[in-house]
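Residue-level listing of the chains:
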Amino acid sequence: MTATENPPTYKWIGTRPIRHDGYDKVTGKARFAADLDLPGQLRGAYLRSPHAHARIVSIDTSAAEAMPGVKSVVTGADFPELAAKNPEHDVSVNVMARDTVLYHGHAVAAVAANTQEAAAAAAAAIVVEYEPLPALFTIDEAMAEGAPLVNETNFTKFVKSDEPSNLGTVTNLERGDVDEAFANADVVIEREFTTASVHQGYIEPHACVVDTGADGKASIWCSSQGHFRVRSSTAEVLGWDVSRIKVTPAEIGGGFGGKTTIYIEPVAVRLSEKAGRPVKIVMSREEVFRATGPAPASKVRARVAANKDGELIALDAWMAYNIGAFGGIAGLIGAMSVASYKFPNLRLEAYSVLTNRPKSAAYRSPSAPHAAFAIESVVDEIAQQLDIDPIELRLKNAAVEGDLTAMGMPHPRIGFIECLEAIRDSEHYRSPVPEGAARGIASGFWFNIGEQSSATVHLNEDGTATVITGSPDIGGSRASMALMAAETLGLDVTRITPLVADTESVGFTDTTEGSRTTFATGMAVVQACRELVDEMRARAATSMGVDLDAVEWVDGEAVAEGQDSMGIPAIAAQAKRTGGPLTATASLNASGAGPSFAVHCCDLEVDEETGHTKVLRYTAAQDAGTAIHPSYVEGQLQGGSVQGIGWALNEEYILNDDGSLDNASFLDYRIPVASDLPMIDTIIVEVPNPSHPYGVRGVGETGIVPPMATLANAISRATGVRLTSLPMSPPNVLRRLNER
Amino acid sequence: MPIVHLMTDHRRFTDGEAVIEVDGATVGAVITELERRYPGLGEALIHGSSAGVNGEVHSEPEYLAVGPDTDIYFVAPLAGG
Amino acid sequence: MNRTHVSCTVNGDEVDFLTADGTSLLDALRDELGLTGVKEGCGTGDCGACSVLIDGKLNCSCLVFAPEAEGTEILTVEGIAEGDHLHPLQQTFLEGAALQCGICTPGFLVAAKALLDHNPDPSETEIRYALAGNLCRCTGYDKIIRSVHEAAVQLREVAK
Numbered sequence: 001m002t003a004t005e006n007p008p009t010y011k012w013i014g015t016r017p018i019r020h021d022g023y024d025k026v027t028g029k030a031r032f033a034a035d036l037d038l039p040g041q042l043r044g045a046y047l048r049s050p051h052a053h054a055r056i057v058s059i060d061t062s063a064a065e066a067m068p069g070v071k072s073v074v075t076g077a078d079f080p081e082l083a084a085k086n087p088e089h090d091v092s093v094n095v096m097a098r099d100t101v102l103y104h105g106h107a108v109a110a111v112a113a114n115t116q117e118a119a120a121a122a123a124a125a126i127v128v129e130y131e132p133l134p135a136l137f138t139i140d141e142a143m144a145e146g147a148p149l150v151n152e153t154n155f156t157k158f159v160k161s162d163e164p165s166n167l168g169t170v171t172n173l174e175r176g177d178v179d180e181a182f183a184n185a186d187v188v189i190e191r192e193f194t195t196a197s198v199h200q201g202y203i204e205p206h207a208c209v210v211d212t213g214a215d216g217k218a219s220i221w222c223s224s225q226g227h228f229r230v231r232s233s234t235a236e237v238l239g240w241d242v243s244r245i246k247v248t249p250a251e252i253g254g255g256f257g258g259k260t261t262i263y264i265e266p267v268a269v270r271l272s273e274k275a276g277r278p279v280k281i282v283m284s285r286e287e288v289f290r291a292t293g294p295a296p297a298s299k300v301r302a303r304v305a306a307n308k309d310g311e312l313i314a315l316d317a318w319m320a321y322n323i324g325a326f327g328g329i330a331g332l333i334g335a336m337s338v339a340s341y342k343f344p345n346l347r348l349e350a351y352s353v354l355t356n357r358p359k360s361a362a363y364r365s366p367s368a369p370h371a372a373f374a375i376e377s378v379v380d381e382i383a384q385q386l387d388i389d390p391i392e393l394r395l396k397n398a399a400v401e402g403d404l405t406a407m408g409m410p411h412p413r414i415g416f417i418e419c420l421e422a423i424r425d426s427e428h429y430r431s432p433v434p435e436g437a438a439r440g441i442a443s444g445f446w447f448n449i450g451e452q453s454s455a456t457v458h459l460n461e462d463g464t465a466t467v468i469t470g471s472p473d474i475g476g477s478r479a480s481m482a483l484m485a486a487e488t489l490g491l492d493v494t495r496i497t498p499l500v501a502d503t504e505s506v507g508f509t510d511t512t513e514g515s516r517t518t519f520a521t522g523m524a525v526v527q528a529c530r531e532l533v534d535e536m537r538a539r540a541a542t543s544m545g546v547d548l549d550a551v552e553w554v555d556g557e558a559v560a561e562g563q564d565s566m567g568i569p570a571i572a573a574q575a576k577r578t579g580g581p582l583t584a585t586a587s588l589n590a591s592g593a594g595p596s597f598a599v600h601c602c603d604l605e606v607d608e609e610t611g612h613t614k615v616l617r618y619t620a621a622q623d624a625g626t627a628i629h630p631s632y633v634e635g636q637l638q639g640g641s642v643q644g645i646g647w648a649l650n651e652e653y654i655l656n657d658d659g660s661l662d663n664a665s666f667l668d669y670r671i672p673v674a675s676d677l678p679m680i681d682t683i684i685v686e687v688p689n690p691s692h693p694y695g696v697r698g699v700g701e702t703g704i705v706p707p708m709a710t711l712a713n714a715i716s717r718a719t720g721v722r723l724t725s726l727p728m729s730p731p732n733v734l735r736r737l738n739e740r
Numbered sequence: 001m002p003i004v005h006l007m008t009d010h011r012r013f014t015d016g017e018a019v020i021e022v023d024g025a026t027v028g029a030v031i032t033e034l035e036r037r038y039p040g041l042g043e044a045l046i047h048g049s050s051a052g053v054n055g056e057v058h059s060e061p062e063y064l065a066v067g068p069d070t071d072i073y074f075v076a077p078l079a080g081g
Numbered sequence: 001m002n003r004t005h006v007s008c009t010v011n012g013d014e015v016d017f018l019t020a021d022g023t024s025l026l027d028a029l030r031d032e033l034g035l036t037g038v039k040e041g042c043g044t045g046d047c048g049a050c051s052v053l054i055d056g057k058l059n060c061s062c063l064v065f066a067p068e069a070e071g072t073e074i075l076t077v078e079g080i081a082e083g084d085h086l087h088p089l090q091q092t093f094l095e096g097a098a099l100q101c102g103i104c105t106p107g108f109l110v111a112a113k114a115l116l117d118h119n120p121d122p123s124e125t126e127i128r129y130a131l132a133g134n135l136c137r138c139t140g141y142d143k144i145i146r147s148v149h150e151a152a153v154q155l156r157e158v159a160k
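Protein chains in written order, with my numbering: chain A, 1 to 740; chain B, 1 to 81; chain C, 1 to 160.
Extracted from the complex, chain A is given alone in its bound form (with noise of 0.2 Å):
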């Protein structure tokens, strides 16, 4: 179902194909990273530290570099030491500890051999001597006064700092005068929120097959979300040139955010170069619990004031983010994130803090899901209190264009209130709430990014057409490439192949993140198509044999008056005599990214004997700008919505005392299955963004941002009890509902 304003008519675009890289995909031919093989390679395994926080005394690799099958061992001393104020410092620090190791798990040495458990045995028979140092694993120890370092190298951002520090970043934002504010409101709510950290949970290890040459060179087959930032990353890792490695991105199995970054790329290239065999590395699933990024922790005290009439005045938060144990920018993001509402008053103050955890990565949206719990569920309760209907209460605050986020721009066109009237006006929120459940709404959004993308579009010998991005499909974007080219082009979609190139054969990309694939790269193949449409009148005009100006391209034809038109497949036959072969290239920073506003509404039920909270109706409606692929569109829709129900009902990071982390699999790492969930309904809201040539919204992120406190907010009504600590798991509401 779809809501949209002024709709223009499109031949392609809307539609939905079958993504041409699909058929690979169900008959198990598509070649994901740990597919690959190479003639002669060895499996790489590795040693990670068992403390949290250690000063490493010494290692002894001999006993490992004698056993049989092994051709390789690298520690810290096979890498560069990169200056702290290098952008790749943590990550090299993070691929492989130096003189310290700062979390459970932190990688120490690694071992390539004829087999894995040959690597494995010997990894584990390299001896390392540590002394252990006091480990913080939480925000408040982390921030108390006279904590010990988490990390010596790390230097708060954006403040004058001198002195290491266990704070990553420290915001401030405000506007207007807040204490006068509140001290007028009608209404006061103040709640103090905290989440567990949470994993991306993508069902497909890390994995890397590298291959050195005598030459100096490296090739790397890796499942990432960016070849061309595993290449920059691993070179700056490795100390080397960029153009000594190809990257070829290997089809990924789901990455979120977790594989925008590299963990294994640079150790399988030094562990290459020293045996002079391919080595290959898959990480366990056990190892991407323990040593990959989760989305940080956090704590938020969030107050909000209110007039009774549901004006809201002022937003007062404090906002503490556990990154683990390197920098990170996430409370600014965080706090930049509030910017849903007016809050003509607003003071927000945002950490980002380090602990002995593992490095945080990106999820969706990184750092907004824990704002909007804190912030979505604090104005439902103001709604509760008032008694004003929770949408109608939204539809009076929602900010549109002109009002300013909290970092103080003004929104470009944005489509709140727009999802706000489409679960009002949708079948779930008009049908009754069934009996004995209860009924939640809560709303979010993420800005998106524009950054660099290329796109090159040949004209083949028939009349078809490939379209090669360097951007890795997470979600099914090669099958908008195509349709957005097939639009420019006038060209049939299935006549179209999209691929995606390695990082020699295309021109440089940005990582597929910050769901600006569908735009950025889409304005670089939109482009492209529109320069390979001008050539093609060209081609047609020279055919023709009349001027440039005459010709008009029409449906994927070229029109001249009183001259026969000519289809594409007609121009590409002519395309030796008329100048040659028929390509396009084009390569931009992308800016105009548009913001995508969600609503989500869900009916529950909870069983007070259990504690166990039942997902009976879920629907979520989101602003795609335009829905290039719609099935791909309701997809990401669906995907965000469920990671949410699972981090809002289940999911946690256990740590033991001594920082390790107690369930390391997807067994007691319990993500939602089949079974947990009702159909995910959707409404695909259409506000076309002005700065996109179709008007697209990256739509990836955003459907994580609602789900915590639409939850949370309709648990609220079915049990009287306000939850404020994620997971909403059964032990955890059991124990809310016995307290009342």
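Since the hints were made in silico from the structure, they are not lab data. Glycine included, C-beta positions come from ideal geometry on N, C-alpha and C. Warning: the hint list may mix true and false statements.
Calculated cross-link-like contacts (lysine to aspartate or glutamate; reagent style EDC-like; alpha-carbon spacing at most 20 Å) [said to hold, decoys possible]:
#  : chain 1 : residue 1 : chain 2 : residue 2
1  : A       : Lys29     : C       : Asp27
2  : A       : Lys157    : B       : Glu33
3  : A       : Lys85     : A       : Glu190
4  : A       : Lys29     : C       : Glu124
5  : A       : Lys157    : B       : Glu35
6  : A       : Lys29     : C       : Glu78
7  : A       : Lys614    : C       : Glu126
8  : A       : Lys342    : A       : Glu190
9  : A       : Lys614    : C       : Glu124
10 : A       : Lys29     : C       : Glu126
11 : A       : Lys160    : B       : Asp15
12 : A       : Lys29     : C       : Glu82
Pair by pair, the computed Cβ-Cβ distance ranges are [unchecked claim]:
#  : chain 1 : residue 1 : chain 2 : residue 2 : range
13 : B       : Gly16     : A       : Val400    : 22 to 32 Å
14 : A       : Asn589    : B       : Asp71     : 18 to 28 Å
15 : B       : Asp71     : A       : Arg55     : 43 to 53 Å
16 : B       : Ile3      : A       : Glu561    : 46 to 56 Å
17 : A       : Ile654    : B       : Glu21     : 52 to 62 Å
Dock chains B and C against chain A, hints included.
Only chains B and C this time, still in chain A's reference frame:
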């Protein structure tokens, strides 16, 4: 003259001033002038900001042309997952 | 090194291979027979990406020792289509956009086939519970369930 809007944390360089008129034909020229007037601010903006201009956020905006009435919002670099 | 000789039928073909002690059927299928359509998501039987049918019964191949396959008939995702002719499940998965990254898709196809082989007219609840052993992180399961349902409808039509 272009009008610069600063986030709270950058106002520590300007004694609390949030909205400043600054001459310059490009965002980069504006930043250079800001550094001249408020030492340290230009550096902070170069390394830690994107620029919101005419409703669009631009990352690494040094050469972006701005007109006499342009509002420039310096915001933190955005990312995603 | 002790290697066991295993003979079995995989996707309709008689095959044999050598396997070292402790090797899982998953690793044998991938490394000895080149059937990389069978995926490892966890190695501990929790995600279902390695789902295969052994004598018609759904199994996590990561929990089966390779020698246990001796004399059995195994079906992997590579054996679901008949040459170029896709099984209705594969076709409905494509038309229904039931895959995004596709890593879980082989396991789901095998598990769904196991379901429909035994229960040609499953309810939504039955489909959800039959597939509860297969994790998907991309789709939220909605389109997978719909596609399985549609395939069941089509198979019943063909059977008439």
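Hints that the structure is at odds with (numbers, increasing):
2, 3, 4 and 10
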